[in-house]
Amino acid sequence: MSRSKSAYWIWMGLLGVAILAGLVAAFQLFTKGHYLFNANDVLMWSLPLGVYIYLALTSTGLTLLASLPLVFGIQKYEPLAKRLVFLAIATLVGAFVSIGLELGNVWHMFYIMLSPNLSSPIWWMGFIYSVELVVLAVKFWRLHVGDWHSPLGKVLGHASFLAAIVAPLMIGSVFGLTESRVTYFGPVMSIYCLMMAILSGAALCLFYNLVLARIGGSGLSESIYAIQDDMARIFTWAMGLVIVFTLVKVAIESATVIPDFLNYHKYAQIFGGIGNLNTEVILGLLLPFVLMAIPSIRSTDAGRMLASGLVLVGTLAMHMEILLAGQSRPIGPKAEQYPDYIQYFPSIYEWLVMLLAVAVALLLYTLGERYLKLEAAPEH
Amino acid sequence: MPRYAMVIDLQRCVGCGSCSISCRSENNVPEGIYWSNKITETSGTFPNVRYHYIPTLCNHCDNAPCVRGCPTQAMHKLENGITMHDPDKCIGCKYCEFNCPYGVIYFNWRKPHPFWRQQDALIEGGTSSPAEEAKKAGGKVIPYYNPERAETLPGIRPKGVVEKCTFCDHRVKKGLLPRCVEACPADARIFGDISNPNSQVSKLLGKFRPFRLREQLGTDPHVFYIRDFNPAHYQPTKGGV
Amino acid sequence: MDKHDQQKQGNLEAFLHRGRMSRRTFVKGSIAAGVAVGAGGAFCPSFRALARTGASGAGEMGEWKPATCQGCTSWCSKQVYVIDGRAVKVRGNPHSKVNVGASCPRPHLAIQQVYDPDRIKTPLKRTNPKKGRDQDPKFVPISWDEALNTIADKIMELRNNHETHKYMLMRGRYTYMRDILYDRMTKIIGSPNNISHSAICAEAEKFGPYFTEGLWDYRQYDVENARYILIWGADPLAANRQVSYYSSAWGTVIDRAHVAVVEPRLSATGAKADVWLPVKPGHDGALAAAIAHVILTEGLWYRDFVGDFKDGNNRFAAGREVAEEDFEEKYTHGLVRWWNLEIRDKTPEWAAPRTGLPAEQIRQVALEYGRAAPHAISWVGGGPVMQVRGGYASMICHALNGLVGSVDNVGGTLAPNKEYTSHFPAPDDFMDDIAKEGKKHEKIDHRGRLEFPSLNKGKSGGGVVTNNAADGILNEDPNEIKVAIAYMNNFSFSAGQPERWERALSKIPFVVHITTNASEFSWFSDILLPNTHHLFEKWGYVKVHGNGYRHVTLMQPIIKRLGDYKTDESEFTWLIAEKLADRGFDNLLRHYKTYRDPETGKEPTDENEFALYALKIATHNLWDPAKYKGGDKFSGWEEFSKIGVWNSDPYPFRKRWGKMKTKTGKFEFYSETLKEALEKHAEKHNTTVDHVMTVCDYQARGEHAFIPHYEEPWTAGDPDEYPLLFVDHKSRLNREGRSANCPWYYDFKDLDPGDEAWEDVAKFNPLDGKKLGLANGDPIRIVSPTGSIECTAKLWEGVQPGTVAKCFGQGHWVYGRLAAKVFGKVPRGGNNNDLIPAVYDRLSGSTVRHAGTRVKIEKI
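Chains as they are written, first to last, in the working numbering: chain A, 16 to 395; chain B, 20 to 260; chain C, 2 to 861.
Chain A with its partners taken away, still in its complex shape (with noise of 0.2 Å):
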């Protein structure tokens, strides 16, 4: 076994010099300024904020994961909802983790609590994600100690589940209710990124499981294995009702007049694309979906593992466009003094913080699947 605890180490020192190289970033920011970052006073909102929607979201797709078993008893997934609790914790962490960092000024958070404002998606955001941090906790020490079925137990993972319904939507919420940007008001965002979230989330999911066969040796036990079909096909049912809602959305927005649509449009694909598709749809999105369509390469592990690898980047660009797109136009007044289109890439201090947030979560897992039995069932 010397050469798994050797890689361990490896792994860990990676995890380590990646939270290091966090940290300092952190350290910059928090004493000279956001300016670090290549934001604006028009593109004001960037990769911090998206890694966080991602992180958020994925999150979420996992609790509902979990609510599978622990909401809808469905038993035969039960072997998977400590591990799905837990990995929700952990990505969740790193979600904070990205937008503690893009805040301008975190220490006053408390006044989220002290002088709440209920008319404000971000208010009810924070505070639903907030919740539902707690209630995972809870949820998953009640789980560590063995509780599975108690009144309390299922009062929690209702709870959980309620929250994981609504927090999406909120996050949409907060772009749909700025009248200001045509293109994200409405019940749109919040729809997708409900749906996006069952997707990163399914998406996750088959990753890490496979990677964690890959890895354990022995490989997943039997139980989980089992799972691992349904959850490779709700995986692509989720992508499929993504592809259908993006179909929707594309040509909705290259049908209209509005000239915030036109514009959005022409500058919609900053990953490039063919035709209206833009790339990160079609990598990330369609070919997964064919390769999973494809029953030969739907049930090997590879192609699993490549699908659900290709949606987990795919729906960072895809958040990451809709994030950038909608910011690329300066508004009224600003127009004078900044360009017509805001050219946008992340600095270095933004992809420090993305990779800070994402080794925080992989920090979690990893401590996690050493210590914290996340196999753990009920027995029945």
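No wet-lab data here; the hints were simulated from the structure. Worth double-checking, as some hints may not be accurate.
[Said to hold, decoys possible] With a straight-line cut-off of 25 Å between C-alpha atoms, the simulated PhoX-like cross-links for lysine-lysine are:
(1) C:460 x C:441
(2) C:561 x C:643
(3) C:66 x C:561
(4) A:388 x A:169
(5) C:66 x B:154
(6) C:561 x B:159
(7) B:155 x C:66
(8) C:66 x B:193
(9) A:47 x B:178
(10) C:483 x C:437
(11) C:561 x B:155
(12) C:643 x C:66
(13) A:47 x B:154
(14) C:126 x C:155
(15) C:66 x B:159
(16) C:561 x B:154
(17) B:130 x C:822
(18) B:130 x A:47
(19) B:159 x A:47
(20) C:419 x C:628
Knowing the structure of chain A, use the given hints to seat chains B and C on it.
Below, chains B and C without anything else, positioned relative to chain A:
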């Protein structure tokens, strides 16, 4: 309780920018941030060209999206209708800036006034460094620091929070006009209580058909524009087929 | 702790109440305001009144102190808000009837100027003996004592060698304390070489008004009573003159008057005009001639001023000669002769191809202008006149005022009102023989030579030819210059072909520059002396007219000086006088000691008293009730200095009709005044007027030389090699080129229509842009026959095809950390003067700025 509003007479406005520049000195606004700004447009093709100028500032909307969206109520409405900001509660999420349909909110990405924090002198022994100059003058960070701004808002906002026009609430509460109104050489900005039918703003809004920016969004802005920047005369004609 | 910290403590309270002001505190505030001003009905008018009183309102921490702005030559009266000796903000002085409490955007930048860290704080001495663009002077700080001693020694050296004519004083931005340094000191030392900057300003503007109505001065315009305003190359809403007043009035003006702007590019004023006439640069005279033609042929001239045909029948018709005896003139002279010589064939059709404007539009403008008589202003700015043959453009554009009777009339063009400031004591008793001898030499700028008539007020050599002084120095013609003192100028930046000045200054062995910042001129100087800032730090005054009044406005030391600054015209002169007296030459000091305080009769004992007493002497008739002559009345110096400005009596309309300072006393369409001046100049050089015209490169011959007429422009550069005509224009943020180190200058640079923030753009019409393959933001090089600059391209419809329009002001390579890209090495943007050749309108001595050169564009 008064409800403050501003009427901007575009015919009187000459596009000089005194409003925007004097605001900088009144409110200690850092470089790159424009509490008072403009929208200009050059229309037509030579030689039939026109240049238009619309002064802009925070509209102090009644249905302010920035206030609605601020998670900590750092952005809030005062009773007199001014949309005010409290940097102590601001978490710097920039949602107000994201949400504002008028592009009037800016974020302090760095410690403000970096020009005045520089420590180098160009000619050794002969000239000063900006930081030294500010200190010698006795101003806070900047030599021309206006301490009166600090009566209701940090005189210089710290990094990590947003800032925007406050209708010079610190002056208004002392019975003084906002600085841009006072500084405008053309008397193109008229300020007052729109809830008082005898105020100048109310009278002007009755006399001319005003327009507001992006009215269709329902924000109910309280900066009104009347007349035209260039009411040019032309020879009457019926055109032709 | 400041109020905000107190606020922080109450924050818990505050956010529970959602940060609102309590009703009580707000109402209290408003009641205070109401009481302070007196009831008046509506709440809002009280705001206005409070703002206008000039007194500090309730709860204001500082004090509004009177001041004067010299950001341009509008010379507005201002007030500065001072807190503990520190300037915080600026506004217009409500007591002035000229700028009526209004303030253009420029003075706000003065706050960044006065606290500019790159200001020189102490005298500096050059330690690198080599002078050159790439030579760092290696300035070291020295004491005022050392500086003054060195300067005094140099002056004494000249005196002892009877070479005082080799002393030169260069004057840039002045106040009317200027004669102390510019005139008295130069004369008492004994040199003819006091060289002012006037010729690079707008002297040619004054040429037309002088030789028609006897007024060698800038005009003011009664715009609020005008019905038509025709503006030639002036931009009153952005640049000179009386920008504050015109900005305040324009909204009302355009209700009543039609405005037409003749300008190659769309200016700020053009944006608020009825008609923009993008004339081909240099051909304004053709347009003016055609307008005159239409006015006369259509019978639109103003009979009460000009007169009429004896039988009332209009004989003016295209091409037809008219008999002079058929017309009886009233207050004008030479109308028919002018028609016969020049105007009769200048139809709109003739003018159209030359001006680039459609004939129908020219006719329409002329008709509307004429029909508005006598309330029709022809406003001559620097544009058409600061050109090689600009003097005559000045005459013919201004002559239109004569035709419509708007001269000295309601709604017309007016002269300055009478004011009663006094001269300083004369220097004659203090000029010894050395001085008298020295003064006899010819001036270094060659004014009055055959090729430089410079006919200021009709006198040969009466006006300076500033830019030519560089050539005089370089050629040691008439003699070398050994000691030069210059103040608040920057000729190696602000005049055409400035590299000649770099060489000239390198040649002068000892140059002193009194300046606020180390500029291009300073870089070639030997001693730098830190100057005060006019708006905040010194005693002085200026006078200017506008809105039918003239005001005399005071400069006062109202803030704490942060450096060891001393005022150029008064404090420095006293200190030098003391040093000269130490060395046995006490004439200057004895002269200055005669400047006694009018209130106490005391002799000045130091430089500060001297400055103050001199000011009191100059303004004595204004503040002393015993000496009252007119205008505002004050109880004494104290009240006057508190208010800060004196206003004249209202304008006496039509008082000059028939009593003009011309040879005939009338408005001269055939200028006997100019004829006399030219003949005298020709006689002085034993030649004919025609020969003078040839040497000075004018097209006029014979009697044409004495009338307002169209001359084809002279422009450097072969059109094949240099396809575009260079159009220089001004900025509403230029404080005479000294605001280039202010961050706000760049943040707001796009207030100039077509310009961009933080850029120095050359603007092209999109058609030219396409031809040249240019896109917005492209770095380019502009090349003329005499130089080249680098800047950024911008495509804009407000530019005439065939021209490239660029704002003046950037292109400094020293001056400060923002003004230069790399201080001492790399310029930020490009200096227009590097492109413009050193040519002149020789009849007025003016330096050429407009239609001076063609250019070509290279992409970098």
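What are the numbers of the hints the structure violates, in ascending order?
-> Violated hints: none; all satisfied.
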